[in-house]
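Peer 1: Residues 0 to 964 in numbering that gives the first Met the number 0 are what the sequence shown lists, from first letter to last.
Don't take every hint at face value.
Unchecked claim - Computed Cβ-Cβ distance ranges for the label pairs, DEER-style:
1. H767 - P801: 45 to 51 Å
2. A570 - R603: 15 to 21 Å
3. T331 - N549: 53 to 59 Å
4. P801 - T827: 18 to 24 Å
5. A937 - S754: 29 to 35 Å
6. A399 - D231: 58 to 64 Å
7. S754 - A439: 44 to 50 Å
8. S23 - A439: 35 to 41 Å
9. T827 - T853: 25 to 31 Å
10. G800 - L12: 18 to 24 Å
11. S23 - T532: 41 to 47 Å
12. A439 - E607: 38 to 44 Å
Just so you know, the hints here were simulated from the structure itself, not pulled from any lab data. Since this is a predicted model, take the numbers as computed values, not measurements. Don't be surprised by glycine CBs; every beta carbon is placed ideally from N, CA and C.
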Amino acid sequence: MTAQTPPFRDSQLPFAKRIDDLLSRLTLEERVAMLHQFGPAVERLGVAAFRTGQEALHGVAWMGPATVFPQAVGLGATWNDELVRRVGEAVSTETRAMRSRDDRVGLNVWAPTVNLLRHPLWGRNEEGYSEDPKLTSAIATAYTRGLRGDHPAYWRTAPVLKHWLAHNNETDRATASSSVRPRVLHEYDLRAFRETVEAGTVAGVMPAYNLVNGRPNHVSPYLREQLRTWTDQDLLVCSDAGAPSNLVDHEHYFDTHEEATAASLIAGVDSFTDHGTDSSQIVERLQGALDQGLLTESDIDAAVRRQLAIRFRLGEFDPRLDPYAVALDFDTPAHRSLAREAAEQAIVLLKNEGLLPLTGRDTRIAVVGLLADECKLDWYSGTLIHRSTPLEGLYERFGADRVDFAEGVDRVRLRTSAGTYLSVPPADEATDEVRGAEGALDPALLAGRTDLPPLTTDTTGTELALIDWGGGVLTLRAPDGRYLSVADDGFVRASADQPGGWVVQETFRLEPHGSHESRGSHEGGHLLKHVGTGRYVSVTADGVKVAAENPEILELETTERGEDTVARTAAAADVVLVVAGNDPHINGRETEDRTTLALPAHQRRLLEAARAANPRTALVITSSYPYATDPTDLPAVLWTAHGGQAAGTALARVLAGDVSPAGRLPQTWYASDADLPDLLDYDVIGSRQTYLYFEGTPLFPFGHGLSYASFEYGNLVAHVGENSVHVTFTVTNTGSTPADEVAQLYSRAVTPSVSRPRRELLAHRRVHVLPGASTELTFELPLSAFEFWDVVHGIRRLEPGPYELLVGASSEDIRLRATVELDGTPATPRPVLEHGLNAADFDEQRGAEIVDRTKLSGDAVTPARGNQGNHGNTAELVYRGCDFGPATRTVTVEVSGDVSGDVSGEGSVELALDGGPVIARLDVPATPGPYDYTTVVAPFGATGVHDLHIGLRGPVRLAHVGFSG
Numbered sequence: 000m001t002a003q004t005p006p007f008r009d010s011q012l013p014f015a016k017r018i019d020d021l022l023s024r025l026t027l028e029e030r031v032a033m034l035h036q037f038g039p040a041v042e043r044l045g046v047a048a049f050r051t052g053q054e055a056l057h058g059v060a061w062m063g064p065a066t067v068f069p070q071a072v073g074l075g076a077t078w079n080d081e082l083v084r085r086v087g088e089a090v091s092t093e094t095r096a097m098r099s100r101d102d103r104v105g106l107n108v109w110a111p112t113v114n115l116l117r118h119p120l121w122g123r124n125e126e127g128y129s130e131d132p133k134l135t136s137a138i139a140t141a142y143t144r145g146l147r148g149d150h151p152a153y154w155r156t157a158p159v160l161k162h163w164l165a166h167n168n169e170t171d172r173a174t175a176s177s178s179v180r181p182r183v184l185h186e187y188d189l190r191a192f193r194e195t196v197e198a199g200t201v202a203g204v205m206p207a208y209n210l211v212n213g214r215p216n217h218v219s220p221y222l223r224e225q226l227r228t229w230t231d232q233d234l235l236v237c238s239d240a241g242a243p244s245n246l247v248d249h250e251h252y253f254d255t256h257e258e259a260t261a262a263s264l265i266a267g268v269d270s271f272t273d274h275g276t277d278s279s280q281i282v283e284r285l286q287g288a289l290d291q292g293l294l295t296e297s298d299i300d301a302a303v304r305r306q307l308a309i310r311f312r313l314g315e316f317d318p319r320l321d322p323y324a325v326a327l328d329f330d331t332p333a334h335r336s337l338a339r340e341a342a343e344q345a346i347v348l349l350k351n352e353g354l355l356p357l358t359g360r361d362t363r364i365a366v367v368g369l370l371a372d373e374c375k376l377d378w379y380s381g382t383l384i385h386r387s388t389p390l391e392g393l394y395e396r397f398g399a400d401r402v403d404f405a406e407g408v409d410r411v412r413l414r415t416s417a418g419t420y421l422s423v424p425p426a427d428e429a430t431d432e433v434r435g436a437e438g439a440l441d442p443a444l445l446a447g448r449t450d451l452p453p454l455t456t457d458t459t460g461t462e463l464a465l466i467d468w469g470g471g472v473l474t475l476r477a478p479d480g481r482y483l484s485v486a487d488d489g490f491v492r493a494s495a496d497q498p499g500g501w502v503v504q505e506t507f508r509l510e511p512h513g514s515h516e517s518r519g520s521h522e523g524g525h526l527l528k529h530v531g532t533g534r535y536v537s538v539t540a541d542g543v544k545v546a547a548e549n550p551e552i553l554e555l556e557t558t559e560r561g562e563d564t565v566a567r568t569a570a571a572a573d574v575v576l577v578v579a580g581n582d583p584h585i586n587g588r589e590t591e592d593r594t595t596l597a598l599p600a601h602q603r604r605l606l607e608a609a610r611a612a613n614p615r616t617a618l619v620i621t622s623s624y625p626y627a628t629d630p631t632d633l634p635a636v637l638w639t640a641h642g643g644q645a646a647g648t649a650l651a652r653v654l655a656g657d658v659s660p661a662g663r664l665p666q667t668w669y670a671s672d673a674d675l676p677d678l679l680d681y682d683v684i685g686s687r688q689t690y691l692y693f694e695g696t697p698l699f700p701f702g703h704g705l706s707y708a709s710f711e712y713g714n715l716v717a718h719v720g721e722n723s724v725h726v727t728f729t730v731t732n733t734g735s736t737p738a739d740e741v742a743q744l745y746s747r748a749v750t751p752s753v754s755r756p757r758r759e760l761l762a763h764r765r766v767h768v769l770p771g772a773s774t775e776l777t778f779e780l781p782l783s784a785f786e787f788w789d790v791v792h793g794i795r796r797l798e799p800g801p802y803e804l805l806v807g808a809s810s811e812d813i814r815l816r817a818t819v820e821l822d823g824t825p826a827t828p829r830p831v832l833e834h835g836l837n838a839a840d841f842d843e844q845r846g847a848e849i850v851d852r853t854k855l856s857g858d859a860v861t862p863a864r865g866n867q868g869n870h871g872n873t874a875e876l877v878y879r880g881c882d883f884g885p886a887t888r889t890v891t892v893e894v895s896g897d898v899s900g901d902v903s904g905e906g907s908v909e910l911a912l913d914g915g916p917v918i919a920r921l922d923v924p925a926t927p928g929p930y931d932y933t934t935v936v937a938p939f940g941a942t943g944v945h946d947l948h949i950g951l952r953g954p955v956r957l958a959h960v961g962f963s964g
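Work the whole structure out from these sequences, hints included.
Peer 2: Structure below.
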């Protein structure tokens, strides 16, 4: 180091000392400015501008062309940790390469999403890996290890896990609270984050928009109490976009933005993503919080330190030492091959009665369906460089002369009340444009095209391809392949290459004219409503546009029904492949949950037409989420997530038998909507959700997937050691096809003292086995894998007793069993005389909701809103095995009687033993607000050990129950 070189530039010093030096040189104003997502440069120190956040869920997103891998749920379906690690490595390498030519590309990547796929109607199902925390953490750890790189000091990219915490609903996502009991919190939701953070491959997390137990995630005490205790590394917590403002504007949790910003920073948020690239409002709020004494300089320094730690790890201050500074691999043959391999490994064969593979030399194949010639992207995809649809893949593999195609769209014309038809004018000189091809820091701001002429009317009109995506949501496509879309000027044009955007401008609804307030003589007509603007299509002298008035009454004239073309094509084929599924931008996406598991009616019509015309019909589901579709009359069913750039090639290779399918379902496929709990019910234990607790018969179980080979399992040996259970078994390929098998190891507590999972995944391994060969698999399971969260003592506890080890090909296809006896800590009664009961530590509940005890920390319990009225009248809580000692005589409750807002009436707390009559009732006086607690005392006689039942009646928030003798 020379006299002119400051210590923070000295690569011989530890990062911590260099950060200390740089912090000391920054003014308070400069430090505050760094806390916005777009931190400015500090030119006097030669410190560059820095932004947090680069989407990279399954490829570099939003910044233009990049390699596009399968959706995250598809990567989860591979059950292949090493493959996913290689995908992460490729994505981070392309991130570096893209940054070398475009400094808008960031190295702090916001990926992966580790929210558990608890409920299949969640709109963002495509973004997660699995409903199981163990599988999710394994895949997430693999992906982040690839993103991070393997250098001990420098990182290729710095991955941030999304979205902390218990976030599985788009409905009211900025205001809804997830009620998460302690066991669900520790055994389920935290686990996916914890194991990945503990692996040392994560730079930070992003809090979710929602609240957990009544408290916004952006001021969650779990950031400090849980997250930061899992590692010695500095972790960067980046807010979600707009979430800091939501604390005041939508959630009304704080009165001022200064209070909200200060509370977020103190809770652990280090970078504020708000108001796009404009940092002025966040800087103003932080400065205001400092001026009001809500923050100190040390609070600012703690957050800046964490951000600088990431920047040093990324090699920003050591460009000559950064081993990834010259990473230029982009769209390489290896990346293309990996994209195809990942797409192949993600394909799940759900059913096969001998139809597949398609090995006949002269087999004539019909490929039909709305997704048969599509390669769909989602909101977090990059722009395609290469593209392969199922049709293109089949042409390539089998030859175009053996493959026939029918899309199955309805061909329609729209006749106006004047007798003319909507017409798409020619645009011969228009250039082809792909949405987002140039990249954008915020693709939500991308505007629709206005360089094309708007629709007009004439005497013949244009035949449009109509697709009903379900729920009455339609797209209309012109003969040149462009979708009708609405730009900022309100005119309707055939201008979009695909439906897309933050607010999709390519979807419409046909509403019967009789349902509209204006009525005329065209009772059989329809109004065409544009979903994105909520306005109706109108015909004006300047062209067709959407407007707030004068909606056009349109007659829908169908010139060809999709099922008719599908039936003709299917009847002439030897085998039919119906490719069905979803468009990731429609009916189930960020901001929009699904309403049903059912396949949309349009696609059901096509499937039924194909099956009626040709019984040798296979269903290929290409979707971001599960469907409930009866497979009884189908000889073969496959599922794949949207598989990225090589999806079609991969599918064709699997169908041809070049690759034996070995994907496995990462979540349960339920048989019907009736099997599902309410979307906002996060109590997976109480409502028996996911394969862990579901007691019904699924359509296809978690872990399910078939092969062209057959496998035999044997030689299971389990040995209990001092700190682990050692398990070995063999897998033998008894078929004639080289194939992968995914061996799955589950456990089950045989005699649990509390409700435990029916079975729980402990380990898995995907292995390639040649015909006739065997492979021995070995697993070392830490004893901690058998623990559960003991609410009595607030710790993880290993319960002594027998545990069954289950080995098989899915959660329901168990081939081998063994039982081991584990030593542990026996259950003890709740010492209620010594410690009382925290209200949220119940064993069972009905109609209850956990809420925030205070804005800073702690839980309380109240009757759930929506339960018997606008607030809910009652809730029932059960606490098993309470030891009241030789003589308990008094009960004291810490309780709030909040009668503010929409809550009215008086509340009470009732206590009973073992389900018997009420033996104590405590009336709760009204309190000024929800956080104003009072204590109420009443006589209560009990001896010995009993199950305590507590009833909450009316506007009550119960925090704690104490007992005395």
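Peer 1: In this structure, is the beta-carbon distance linking T331 and N549 contained in 53 to 59 Å?
Peer 2: holds, 55 Å
Peer 1: Starting from the hint 18 to 24 Å, judge whether the C-beta atoms of P801 and T827 obey it.
Peer 2: holds, 20 Å
Peer 1: Falls inside 58 to 64 Å, the C-beta gap from A399 to D231?
Peer 2: 59 Å Cβ-Cβ, so the 58 to 64 Å window holds.
Peer 1: Taking 35 to 41 Å as the stated bounds, is the beta-carbon spacing between S23 and A439 within them?
Peer 2: holds, 37 Å
Peer 1: Is it true that G800 and L12 lie within 18 to 24 Å of each other by Cβ?
Peer 2: Given about 54 Å between the Cβ atoms, the range is violated.
Peer 1: Does 29 to 35 Å hold as the CB distance between A937 and S754, or does it fail?
Peer 2: holds, 31 Å
Peer 1: Is the gap between the beta carbons of H767 and P801 within 45 to 51 Å?
Peer 2: Hint violated: Cβ distance 34 Å, outside 45 to 51 Å.
Peer 1: Check the following: the C-beta atoms of A570 and R603 are separated by a distance inside 15 to 21 Å.
Peer 2: The hinted range 15 to 21 Å holds for A570 and R603, with Cβ atoms some 19 Å apart.
Peer 1: Holds or violated: 25 to 31 Å for the Cβ distance of T827 and T853?
Peer 2: Roughly 30 Å apart at Cβ, these two residues keep to the hinted range, so it holds.
Peer 1: Between S23 and T532, does the C-beta distance stay in 41 to 47 Å?
Peer 2: 53 Å Cβ-Cβ, so the 41 to 47 Å window is violated.
Peer 1: How does the Cβ-Cβ distance of A439 and E607 compare with 38 to 44 Å: does it lie in that range?
Peer 2: Holds, at about 42 Å.
Peer 1: Indicate whether the distance between the beta carbons of S754 and A439 respects the range 44 to 50 Å.
Peer 2: Given range 44 to 50 Å: holds, Cβ gap about 48 Å.
Hints 1, 10, 11 from the earlier list are contradicted by this structure; the remaining hints agree with it.
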